[in-house]
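Number of protein chains: 2
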Amino acid sequence: MKLLDGNSLKKEILDSLRLKISTYSAKPGLAVVLIGDNPASHAYIKMKRKACDLIGIRSFFYHFDLHVSQSKVLAFIEELNQNPEVHGILVQLPLPPGYDEQKIIQLIRPEKDVDGFHPINLGRVLAGMDALVPCTPAGVCALLKAYHIQTEGKHVVILGRSNIVGKPLAALLMQKSNPGNASVTVLHSKSHDLESLCQQADILIAAIGQPLFVKPSMVKPGATVIDVGINRVENSSGQVLVGDVDFDSVCQQCEAITPVPGGVGPLTIAMLMQNTVKAFESQMGFSSLSDA
Amino acid sequence: MKLLDGNSLKKEILDSLRLKISTYSAKPGLAVVLIGDNPASHAYIKMKRKACDLIGIRSFFYHFDLHVSQSKVLAFIEELNQNPEVHGILVQLPLPPGYDEQKIIQLIRPEKDVDGFHPINLGRVLAGMDALVPCTPAGVCALLKAYHIQTEGKHVVILGRSNIVGKPLAALLMQKSNPGNASVTVLHSKSHDLESLCQQADILIAAIGQPLFVKPSMVKPGATVIDVGINRVENSSGQVLVGDVDFDSVCQQCEAITPVPGGVGPLTIAMLMQNTVKAFESQMGFSSLSDA
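Residue numbers (numbering that gives the first Met the number 0), protein chains in the order written: chain E, 0 to 291; chain B, 0 to 291.
Every clue listed holds true.
Given that identical chains are not distinguished, each listed pair holds provided it fits within a single copy or across any two copies.
Here are the simulated EDC-like cross-link-like pairs (lysine to aspartate or glutamate), alpha carbons at most 16 Å apart as the crow flies:
| # | residue 1 | residue 2 |
| --- | --- | --- |
| 1 | Lys189 | Glu151 |
| 2 | Lys1 | Glu254 |
| 3 | Lys102 | Asp129 |
| 4 | Lys102 | Glu77 |
| 5 | Lys26 | Glu84 |
| 6 | Lys26 | Glu280 |
| 7 | Lys144 | Asp4 |
These aren't lab readings, by the way, just hints derived from the structure by calculation. Only a predicted model underlies this, so the values are computations on that prediction, with no experimental measurement involved.
Construct all of the structure, not just a fragment, from the sequences and the given hints.
Right, here's the structure in full:
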């Protein structure tokens with residue numbers, strides 16, 4: 000059984016981005032916007048800004064208190080859209096109740112939408128065009144590619160249909176691309192035939208946010224299992240992080256598997272950095288998002 | 000075996016649109032742009048304009064000769080974008096060689112993109128938001144709904160991954176909606192396991208443009224079979240239209256099936272009319288595309 004190590008791949012990707020950025024006289028800039036004081040959001044932002052520091056991206060942190068008006072946030076996003084030093088804009092989700100998440104996301108200029116959440120970026124992904132791809136799906140593809148896991152012709156089963164993981168990942172893996180060219184099945188809470196379809200997967204990807212949901216009976220011997228879940232659960236020794244896959248039992252029968260933590264998670268940040276550099280290069284005219 | 004009759008459903012939909020339009024003092028307007036003289040394109044446009052006439056949509060036909068410059072076409076699209084009497088813009092595809100199809104499509108204001116080909120409309124479909132949905136996938140959904148064919152929890156297998164049928168249809172059927180909530184599999188020319196996955200489909204949708212590709216061995220007894228293909232083939236009596244499904248042999252073992260012609264085809268035009276009315280209503284402020 001091969002362990003798919005997201006941390007070492009993240010390091011490789013960040014190293015190569017750092018090298019690339021060092022050759023540019025201008026520096027990419029990432030604006031991170033937070034509303035309120037969710038501790039998990041603070042922790043994520045800290046990790047993202049640390050990655051920026053490490054590779055030479057300037058990060059700008061804008062913190063609004065919980066009661067800022069939506070119109071003020073929108074006006075601020077508009078300023079960031081116009082700011083030539085800001086190449087990527089990230090609004091840390093989830094927003095506190097009372098804000099119109101879609102309205103805020105859709106105001107971000109698609110060229111600066113480094114989270115890849117704007118519908119135009121999702122549409123470009125679905126159409127097989129170049130795009131700022133949502134970071135977690137991009138991370139899964141990066142992992143498959145780095146470990147030379149063939150997807151062409153294979154049956155990929157994705158558990159979960161979220162807008163930030165399941166749906167864009169399905170879109171990516173069915174394209175004429177590498178990774179891609181897979182037979183792709185998307186399953187979710189309403190699926191009648193979940194277990195039997197999972198059993199057929201050459202590559203099983205779990206992204207449903209249900210701790211330890213995937214059991215050995217759902218996995219074909221020799222399959223590759225990618226675990227996107229990050230769930231906080233209580234056990235006798237306090238809070239621990241577990242994935243959507245029952246790793247200890249599933250790992251014995253698969254060809255390759257991601258650990259949690261240390262699998263897909265680190266790559267989400269690496270892909271955010273990659274998107275920011277891509278957005279920078281495109282805005283500086285070094286490259287452009289093409290329609291190929 | 001139930002025959003899913005697209006012609007009668009088309010008539011119902013057009014009747015109801017006609018009634019609706021008759022209550023409005025202003026009339027929806029659809030601009031149809033053709034470059035060159037492809038006979039099939041002329042035939043399609045004639046059908047579309049006839050449907051417009053029938054229900055009270057004003058159609059404007061703009062015909063450019065084969066050697067018009069792309070910049071002239073783009074400037075003209077921009078005029079149509081600004082024209083308040085034009086609520087929908089349709090550029091008849093395929094374009095002759097030498098034109099940048101994506102550039103032309105992406106210039107159409109998304110609110111007027113009644114073909115639903117703009118990436119932002121595709122992205123809205125993928126994200127489960129209200130959108131101008133590509134007409135053929137919308138027609139398949141209309142047919143499933145009209146005939147009360149349950150999709151929730153069912154396994155839908157889609158043969159084909161085109162940007163105008165397979166991919167948006169997969170996106171529609173995996174949403175939390177009705178039709179929708181299906182387990183969705185997308186297969187294509189690279190799929191290794193095509194036949195065995197087709198055999199598992201509760202609803203099998205063929206959209207690959209391969210005459211008579213789907214044989215009885217690929218269909219589960221009792222399945223619903225939707226044939227999106229329209230292929231011109233030669234036989235002893237001249238040219239005939241056949242679908243992607245070998246209808247005569249497959250129909251004997253399925254619960255319900257679409258004929259070709261007379262199945263999905265007519266609904267594509269009905270959905271174009273529906274999109275044009277929707278675009279009109281949205282632009283007139285009678286309703287708006289929501290992010291629900």
